[in-house]
Amino acid sequence: MNHWLVAPVMLPPVVAALLLFGMHRSLRLGRAVALGSCLSLLVIAVSLLVEADGGIIQTYQMGDWAAPFGIVLVLDRLSALMLVLTAALATLVLVHVIATDLDRQGWHFHPMFQFQLLGLNGAFLTGDLFNLFVFFEVLLIASYGLMLHGQGAARLRAGVHYVVANLVGSTLFLVGVGLLYGVTGTLNFADMAVRVGALPPGDQGLARAGGLLLLVVFGLKAALLPLHLWLPQTYSATSAPVAALFAIMTKVGVYAIIRVFTLVFGAQAGALAFFAQPWLLPAALLTVVVGFIGLFAARSLRELAAYGVIGSTGTLLTAIALFEPAALAAGLYYLPHTTLAGATLFLLADLVARRRGSQQDRLVQGPRFPWTEPLSAFFLLAAVAVAGLPPLSGFVGKLLILSSAQAHPAAGWIWAAILGTTVLVVLGFARAGSLLFWKSAAVGEPLRPAPAQHSRAEFLALAALFGLLVALAALALPVTRYMEATAEQVLAPQPTIDAILTDRRGGA
Amino acid sequence: MSLEFLVASAIAVLSAAGIYLCLRGRTFPVVLGLAMLSYAINVFLFAVGRLMIDRPPIYDKSAAGYTDPLPQALVLTAIVIAFGMTALVVVLALRTYLETGSDQVDGHPDEHASSDGDGPAEGDAAA
Numbered sequence: 000m001n002h003w004l005v006a007p008v009m010l011p012p013v014v015a016a017l018l019l020f021g022m023h024r025s026l027r028l029g030r031a032v033a034l035g036s037c038l039s040l041l042v043i044a045v046s047l048l049v050e051a052d053g054g055i056i057q058t059y060q061m062g063d064w065a066a067p068f069g070i071v072l073v074l075d076r077l078s079a080l081m082l083v084l085t086a087a088l089a090t091l092v093l094v095h096v097i098a099t100d101l102d103r104q105g106w107h108f109h110p111m112f113q114f115q116l117l118g119l120n121g122a123f124l125t126g127d128l129f130n131l132f133v134f135f136e137v138l139l140i141a142s143y144g145l146m147l148h149g150q151g152a153a154r155l156r157a158g159v160h161y162v163v164a165n166l167v168g169s170t171l172f173l174v175g176v177g178l179l180y181g182v183t184g185t186l187n188f189a190d191m192a193v194r195v196g197a198l199p200p201g202d203q204g205l206a207r208a209g210g211l212l213l214l215v216v217f218g219l220k221a222a223l224l225p226l227h228l229w230l231p232q233t234y235s236a237t238s239a240p241v242a243a244l245f246a247i248m249t250k251v252g253v254y255a256i257i258r259v260f261t262l263v264f265g266a267q268a269g270a271l272a273f274f275a276q277p278w279l280l281p282a283a284l285l286t287v288v289v290g291f292i293g294l295f296a297a298r299s300l301r302e303l304a305a306y307g308v309i310g311s312t313g314t315l316l317t318a319i320a321l322f323e324p325a326a327l328a329a330g331l332y333y334l335p336h337t338t339l340a341g342a343t344l345f346l347l348a349d350l351v352a353r354r355r356g357s358q359q360d361r362l363v364q365g366p367r368f369p370w371t372e373p374l375s376a377f378f379l380l381a382a383v384a385v386a387g388l389p390p391l392s393g394f395v396g397k398l399l400i401l402s403s404a405q406a407h408p409a410a411g412w413i414w415a416a417i418l419g420t421t422v423l424v425v426l427g428f429a430r431a432g433s434l435l436f437w438k439s440a441a442v443g444e445p446l447r448p449a450p451a452q453h454s455r456a457e458f459l460a461l462a463a464l465f466g467l468l469v470a471l472a473a474l475a476l477p478v479t480r481y482m483e484a485t486a487e488q489v490l491a492p493q494p495t496i497d498a499i500l501t502d503r504r505g506g507a
Numbered sequence: 000m001s002l003e004f005l006v007a008s009a010i011a012v013l014s015a016a017g018i019y020l021c022l023r024g025r026t027f028p029v030v031l032g033l034a035m036l037s038y039a040i041n042v043f044l045f046a047v048g049r050l051m052i053d054r055p056p057i058y059d060k061s062a063a064g065y066t067d068p069l070p071q072a073l074v075l076t077a078i079v080i081a082f083g084m085t086a087l088v089v090v091l092a093l094r095t096y097l098e099t100g101s102d103q104v105d106g107h108p109d110e111h112a113s114s115d116g117d118g119p120a121e122g123d124a125a126a
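In the order they appear, the protein sequences are chains X and H. Under numbering that gives the first Met the number 0, residues 0 to 507 are what the first sequence spells out, in order. Under numbering that gives the first Met the number 0, residues 0 to 126 are what the second sequence spells out, in order.
Since the hints were derived computationally from the structure, they do not count as laboratory data. Mixed in with the good hints, there may be bad ones.
[As the list claims (entries may be wrong)] Covered, in the sense of this in silico footprint (three residues per stretch, anywhere, with C-beta under 8 Å from a C-beta of chain X), are these stretches of chain H:
id, segment
1, 3-11
2, 16-30
3, 51-63
4, 71-80
[What the hints assert, rightly or not] Over 10 Å on every C-beta distance to chain H, these chain X residues come out as not near it, computed from the model:
id, residue
5, R30
6, G62
7, W64
8, Y143
9, L147
10, Q150
11, R156
12, V162
13, S169
14, T170
15, Y180
16, G181
17, W370
18, A429
19, A456
20, R480
[Said to hold, decoys possible] Going by beta-carbon spacing under 10 Å, a handful of chain X positions derived as facing chain H:
id, residue
21, D63
22, L155
23, A498
24, L500
A virtual CB, placed ideally from N, CA and C, is assigned to each residue, including glycine.
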């Protein structure tokens, strides 16, 4: 067993406990330790990614209990990819938080941040359904704390909605888990995949109901169409760097959809193979359209970014809903892009809001503010990234998705939705950008910078995120190769099932 | 009446009450509704291991059969999580009430707040 596999789940809680008990008095020490934890997670995740790229699926059995009975962590290409993405995003967001002093606005920001990472990493590594639920709860509880960090009436009001919606979601998750356990008698993904394939016809309806309930829950996390209403309010009410970290939260829902509906209800599942597709594809297409139309209703830059997140997650789910290797690979290429692009917009909103005084990031005309020129250039780049125009990676992602959907019966709908909404994104961002940057020139006296507040360090995380987007486009060939291998591995689950269920000590 | 019918109808009544309360306009009924829903789920999870009477969950030489121990472990985890979350929602709802002055879920100010608020005050004054 490779013991490094457990590090992404063990390191954050240990660091969080240290931060809670020992370091809340010294902010500088706390920041250094939290940043060190994020950087170590990044190094561990990258080395795990290199190992996973060998094609061998690694498992880690907690306490050495054999697989269907004990708790098992599984590392394949998909989970390694998500770990790297989480660690990279978390590091950059933390750099931004430290540069802008967000962690001074309340207590215990850093421990909650680490617990959030624990939940995310655990959800990406776990090999059974109940621990997926537990890690979902861990990341949600931490996200409640992060979301409310800094407080204020609007944030609390949105917080109540966010918490209640997610609690109802957790309840449905347990119903789905219970139904699937009731018919299969197991919670381990691999064991469940074997048993779902051999279900008698009388039990298939219950398994289907359980699977669809899980789809509802994951759809709620991914802000899939009828379940997206919580997202704009939550993301626009919370502080922008936290919202940037939450850009990965919708992808947890997407990851769970891929995991459950390719492994448990995948090619092995007989009558139940890919039964979610007729539900998922229309919902995803509607999410693309409604999410990007929402750009026109946005009243602030953060709300604009939130609707961008909804629309691009819909684009991502459209590719995944086809359940074909080429489309899944295209979707997986688009996944890191949309996460990073969403985070970029939120960080940009934060930088704009910090310079505009009382108007914050609201989309209203106001006087010119310091650093207008570099910020407007960054805004243009962010718009290019979200819209999926060349030269950034979104263009490659959308192109791959469109070309992989060519042969599909619903190709017309997919092409129309994705190409049509690209125009909407361009228009939506043009409206927001001209209000914020161009029309500001005509109004009143320009605002003067407060000297201590505006350091260049604030731009570090934003510039690094753009660097990653450019790298993703420049390294498109090796990245797409990795994603193709990932899609093949995910869509042919038999080796994964064998790897999880085989006892390493030689027994059956 | 069979045991299955009793358990199933209990789950149904708890869920119905939970859903109704969750859809109410004030935070306190919503919190109660969430608690009701979590009770319903706990009983449901307990029942997915099949209802057994007088059977041990762990190995016993004289046992004729076993009941499934796993759902009981799941219920225990679910109870702990639901308990923690209920506490969090109560604190959050209270804090929101104190900050916004309204216990409406949508945060709009209460239309009847002034008349409700005046009632006891007048009574006190009269007393």
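Is the nearest CB of chain H more than 10 Å from the CB of Y143(X)?
Contrary to the label, Y143(X) does not stay out of reach of chain H, its closest Cβ about 7 Å off (not over 10 Å).
Closest CB of chain H to the CB of V162(X) still more than 10 Å away
violated (6 Å)
Does R156(X) sit more than 10 Å from chain H, CB to CB?
Nearest chain H Cβ is 4 Å from R156(X), so the label is violated.
Status of the stated non-contact between S169(X) and chain H (beta carbon gap over 10 Å):
Violated: least Cβ distance 8 Å, not greater than 10 Å.
For the restraint on L500(X), tell me whether the closest CB of chain H is nearer than 10 Å.
Cβ of L500(X) sits 18 Å from chain H, so the hint is violated.
Cut-off 8 Å, C-beta pairs, minimum 3 residues; does the coverage of the segment 71-80 of chain H by chain X stand?
Coverage by chain X holds here, the residue count being 4 at a Cβ distance below 8 Å.
Chain X over the segment 16-30 of chain H, status - at least 3 residues with CB closer than 8 Å
Answer holds; 3 residues pass the 8 Å Cβ test.
Please confirm whether Y180(X) is truly not at the interface, meaning its C-beta sits more than 10 Å away from all C-beta atoms of chain H.
Y180(X) is in fact no farther than 10 Å from some Cβ atom of chain H, at 5 Å.
Consistency of the no-contact label for W64(X), given chain H and a CB cut of 10 Å
At roughly 13 Å from the nearest Cβ of chain H, W64(X) sits farther out than 10 Å, so the non-interface label holds.
Non-interface claim for G62(X), where every Cβ of chain H lies beyond 10 Å
About 15 Å separates G62(X) from the closest Cβ of chain H, which puts it past 10 Å; holds.
Do at least three Cβ atoms from the segment 3-11 of chain H come closer than 8 Å to Cβ atoms of chain X?
violated (count 0)
Checking the smallest CB distance to chain H, is T170(X) really beyond 10 Å?
Given a closest Cβ separation of 5 Å, the condition is violated.
The earlier numbered hints that this structure contradicts are 1, 3, 8, 9, 10, 11, 12, 13, 14, 15, 16, 21, 23, 24.
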